[in-house]
Each structure stands twice: as C-alpha cells, then as structure tokens.
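Chains A and B, in that order, are what the protein sequence lines are. Letter 53 of the first sequence, counting from 1, is numbered 52 in numbering that gives the first Met the number 0, and no numbers are missing. Letter 165 of the second sequence, counting from 1, is numbered 164 in numbering that gives the first Met the number 0, and no numbers are missing.
There's no promise every hint is true.
Since the list gives no way to pick one copy over another, a pair counts as held whenever it fits inside one copy or between any two copies.
[Said to hold, decoys possible] In the DSSO-like style, the derived pairs of lysine-lysine whose C-alpha atoms are separated by at most 27 Å in a straight line are:
id	residue 1	residue 2
1	K159	K403
2	K213	K170
3	K214	K52
4	K303	K278
5	K299	K399
Simulated from the structure, these hints should not be mistaken for laboratory data.
2 protein chains.
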Amino acid sequence: MKLDSLYSELTLKTNAKLALIVLDGLGDIARKETNYLTPLEAAHTPNLDGLSKESAQGRMIPVAPGITPGSGPGHLALFGYDPIEFQVGRGVIEALGLGVELKPGDVCARANFATLDAKGIVRDRRAGRIPTETCEKLCAMLAAKVKKIGDTQVIIKAGKEHRFVVVFRGKGLEGPLTDADPNREGFAIPTVKPRDAKNAKQKKMAKLIAEFYKKALPIIAKEKPANGFLMRGIAHQPQIPLFEERYKLKPAAIAVYPMYKGLSQLVGMVKIEGPQTIKEQFERYLTDYDKYDFFFIHYKYTDKAGEDGNFEAKKKAIEDFDAALPLFLQKRPDVLAITGDHSTPCALKGHSWHPQPVLLHSAVSGSDKLDRFTETGANVGSLGVFEAKFLMRLMQANAKAFDKFGA
Amino acid sequence: MKLDSLYSELTLKTNAKLALIVLDGLGDIARKETNYLTPLEAAHTPNLDGLSKESAQGRMIPVAPGITPGSGPGHLALFGYDPIEFQVGRGVIEALGLGVELKPGDVCARANFATLDAKGIVRDRRAGRIPTETCEKLCAMLAAKVKKIGDTQVIIKAGKEHRFVVVFRGKGLEGPLTDADPNREGFAIPTVKPRDAKNAKQKKMAKLIAEFYKKALPIIAKEKPANGFLMRGIAHQPQIPLFEERYKLKPAAIAVYPMYKGLSQLVGMVKIEGPQTIKEQFERYLTDYDKYDFFFIHYKYTDKAGEDGNFEAKKKAIEDFDAALPLFLQKRPDVLAITGDHSTPCALKGHSWHPQPVLLHSAVSGSDKLDRFTETGANVGSLGVFEAKFLMRLMQANAKAFDKFGA
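Input sequences plus hints: build the corresponding full structure.
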C-alpha cells in the first residue's frame, strides 16, 4: 500500500485553520567568519522567540540527503508532494516565474536567443547576453507573427537578458522532448525528438517545434547578434493531485512573486493578488481568514539576501519579518508552520542541501522548551530531521485531521 | 532487494537474552499547564535514571509522520513488522481484545447491536448503548442457536455496551468484505460484498455472512431496543511471518490485558498466563529467564491515565513502574529496550502521532551521557528519530545477532 493512499484514507474534514509561512531560503550555516552564528541566530527576533517556547522544532531535508532543490521541488515538498515523484519541467517553472498563467496540458519550453553562423552552427549560445530590452523586442517580433501553428496557440514571453519562454496551448500535446540545443558551441541546433518514441502526443509536439522553428527563425534571421534561438526543458504541466482534494482544505496563496503564485496554482491554490509587502500579506490573511482553511504565505527577501551572499541583509530580512509577525498573530491559526523551502547560505550565494529549520505550533504540538527558533535549536527539537514532504502530514495531525490508523 | 530479506539473511542465532518493556502510551507532550514537563519528566524515576547513563536514547515514529496508531499497528511495529504492510483487521483486534483465541484463517467481525424499524431501516446504530448485561444476554441467545453454518463454526463473544464480535472458523474463508453497516441512520443494512470481486474465498465468506443474518436476526427480532445488529471490519487473521523464525529468538509475552496477549500471539509468541501486576510480571520473567530468548512485557497503566487526561495518574503509573524495576534488573538481559507503543498525551486524552521516547541498553549500546530517560533527552539521543519497526533490528544488532553485510 502506498503511504499517500493511507494518508488519504485517514484524512478528515475539520474546521481547523492552517498556515504555512515560508521564508524563502531561510536556512543557513554557522561559520567562524560570522562568529559561528547563522543569520537567524544573529537576528533579533522577539516574536519568533515568543512562539518558540510553545512550539516543536526540527529540520527538514528538502528532497533527499545532499540534494539542492530549485524553487519548484522545494515548494512541492512543502505542499506535501513527493518532489521526485511529481517533477515539474524547467520550461513550466520558467513560465510560472514569468507570470504566465498555465493551463493543464500546456507544453512549455525555456528558450535562449543565440548567435548562429551562415551554416546554422551555434556560435554563441547566449548571443552575448543581449540586454533585456533587446530580448523583449525580439519576443514581440516573434509573437506578432507566430500566434498559432495549426490549432495550437503559441505564447511567447520575454525573460531577463537572452532568456524567454514559449508556451504551446492546444489539444493532444505532451512532453518531454529532447532539447533543441546542442548544449555547446560549434554544432547545429538538433531536431527535437519524443523522449518516448511510442508516444503519439510527444510525436505531435516534436513536429510542432519543428514548424515553430521553420516559422520563427526567418523572422529574426537578420538580427545581430541574436539571429537564432535554442529550446530546452520542453515538457507539459504535469497532473498533480489537487491540494483541496488531497487534504480536504481550501487553500489560498498569498505570495508577491509570480514564481510562487504559479507553484501554488500547480496544486490548485487560490491565488490572492494585491499584497506587495509582508505587512500587506498578513493584513490580507486577516481579512480572508474565514474564506479559506489553509494559507501559504511566501516571503522572498531571505533568499535574495542569501543569493547575494549578504549576511547582514539576510539578518535584516528576518528581523523585518519578525517585526511584522504580531500582525499575523492577531488571528492565530490552529496550526502554524514557519520554515524555508530550502537553505540559501550566504557563504554559498545560492540554494543548498542543508536541512532548513522548521517551527510547528499548535495546541498539541508540545513544547521543545526552546527559547529561540534557530538552526541549532531545531537540531534538538522533537520533530527530528525529516523529509520536507511530511510537514503537511504533521500539520494535518496537529489539526486533528487524521483518523486513527487501525484499532 | 527487500530490506526484510537482507535482515533475514544476516540474522544469526545467539545465546543473548532480549527484553522489550512497553509502557503503553508512554510518550507525552510538554505544555505550559504542566510547567513544561511531560509525566515522564515530572516523575521520580531513580531506577530508570540509573539505567539511562549506560544507555542510548531516541524517539520512534510509530507508523509514519503524523499517523496515530491503534494498539495493533503500534505493537506490530514494536515487534519489527511494517505496520502498513501487515495490517490487522478491526474485527481481529476486537476479538483479541475480548480474549478470543484466534486460529490462522479465522474471519472476525466487529458487531454492534442496533435498533431497526419495521421495514428494516437502521434507526439507532448503537441501540441506545444498551447495558453490557443486555449485550451478554443477547449474545448468549445468538450463541445458543447459531453454533454452525454448514461446516463453519460461529463464535460469538459479548463486549462492552452494544459491542460484540463474531468469529467464523472454517475452511476456505477470507476477508476483507464490505461492511454490513450503512454507517449512518435512516438506511437499511447493506449486503456485504467481497472487497476483491474475483476472490472465491471472499465470495464464500460473503454468503456465510448473509446466511448468518438470515439465522440470527429472527432470534432477536422481538427484543427492544436491540432488535438487529451491524457488522464491520470483516477480515481474516493475516499471515504474519513468525517471530521465532524471523529473529531466531524464542519469544514469550508477559502481558495482563487480553489485547496484548492476543497481539503477541499474532506473531507466535508464547503467552504467559497468571501475572496481574508489574511486580508479578517481573517475577515471572525471573522465573522463566532461561526458558526464552525474548521477553515482551506490557504495562498498561500509563496509557489508561493518558486516555483519562490524568497527568498525576500517568506520573504515578511511571513511578510505580520505576519502583518495580529493580526486581526485573536482578537478571539484566543482554539487550533491554524500554519504550511505548505510541504516545498518549494527557492533553489529547487519546493516542497520538508524537514520536515516543525509547531507551536502549546493552553492553554495546553506548552511553548518550543522559542522566534521565525523558522525551527531551531522547530528542538528542544517538538513536535519533526513527521508525518504530526498526527497534527490533537495533535490538538484534545490540545482541550481536547480525552478520556483517558485505566484506
């Protein structure tokens, strides 16, 4: 019997309110250079400290030991989905990040503008990293002339520098396909092929990509330096069991950045538009408290500071969050989890595999008698070190939303 | 390769004595209301403290994160069986709890006396919770007239209030079947069906249930208010690999309550009758020390106090246990584990998902340098937080009962 099936069988509908607050990239590592403190440990966090005494703590492995997740797997795990079982193509993640509202069945591709020589050989895979404005201009040229291929709608959206995405919306399309990218310079753009040679939908999609190239390449053939493009990660939006059905909870996402709105939409959360700051996000939570059972609240600035390697900025982002927290706590949910989707250690200037700390608070979470919420404290918490995909299950348990297993 | 097969291949016969002492529902949570102490932390336990310094500690997830187990899965995990793989039907657990000695192949059903109207519609699923004496009288009436159906023996045993069990003992019978219970009032009793439509033994069993209803209903048709009955959890005793073969250990169970004697019999332990108190249980352990290799000793009162939400009583139950412990330690086994089958937090008045603490003591367990055996101490123990089904494997290892894996 699959564990997810057992969880589903035991899941009950209750009136509990649950909230998952994600400080993106929260986790960090202690080093001599920062006096053996992490940003969370160095920060002044009176409000998190106040919660800590009445909470359980632990650390979460985002995917599997040693694996550094992108935002996609990081969040899918937090939403309770096995991030290895439910993989989301890079094209889909890229499209979500650019704010494209995807529909089930859409096939997405990450694309790069590139420089080709007269024989069609790739000479620069990034076309000298053209400015974003040039990318936007080229995308507009393509979008103006390639709106459809047969019955399939084509959506082109510019990203930063040489990057853009192409979304194919039609019937009977599927990925994944091989890349239209030689992955190095000096070679021609390869023709894409179905990953599964017997899959008719993939075959149809491969033909569509070939036709797209035939139509699109001539449009920019005289541009310099970006006279061609490459496509990678061509895949459709996977079928993911809906959050509401899986947990019997009506979910809302209060996020600021498109990527996180998009990821929450993948599992069917209601996307709440408007709030631009954590204070506004918390205010909206208070307003909408009665409308939903589950709130996903996403805070980006911890990750940004980590990516910049800026310890002080990460500490400050945590302190800003902590200062806003009393607003949220005006309506304390029955179950509250505060964590990250992964660690983004300043020393690494990027995502990492280090288990992120998690705080779990409810009337029955028990107290780990810890005065603060920190990585070091979380190491000795009663939740232990566990896979992030189980956090939702612990939140359900704390909401008394599971029937007993066996007599 | 299945992990269990690997363990079996590596398992050696030794002369070691192992003891598993289960304080039922031992685990608890710390809360402000109890000065941030659990009953185990609040209790005066000089003898457990004495063991602790020479032991390893950890916490065990009874089944999977967030899942609250009944006594069945809780104990199967402690006996080293995956409680999701080896599921025991509710009818079987109920029969064991009432002291019915089951044989392999027996099909058991939980039953309720109920009130039916003239058209056979269920009007009260519990017949107004009739007194236990009425239930016993009704069961005696049924048992007197329905002893056999064809070649199949029928055993009827009264429980508390409206509850009873029916056991079918014959050849070629199997569950599980659907319930003969509409699960709400205002509907007729549904006809039971095989869960697997192609299973001939289940089909035969479904016919037997129908015949049982045909014979039994008229016997109580004129009774008030219990003029009918419902049957649920109709399943056979599953095939579970025998403990003795699995671990090369001759096991004995020294339990007081029928449920735990029954659960130990499911895996083939020798059931020791007689002892009524923990002192008597320990005395019997000393007497029988040479007869068996493995002793399962079950102490119920921690769970009872937890179910009553009585912190002081749970603390007292732990202190009573601790006071008796020196008797047991007159013959210290080579490997000793002291734990619960799950937590029963007083604040929850019931079983829970919180990992229970475990103490593991042997000449090679190592010391976690902890002065006491507590939930908070167990959080930082060398065993970490692990699934309860692995405790037996750790006990085997401490008994040096595993060969090295690979060269």
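_Earlier hints that do not hold, by number_ = 3
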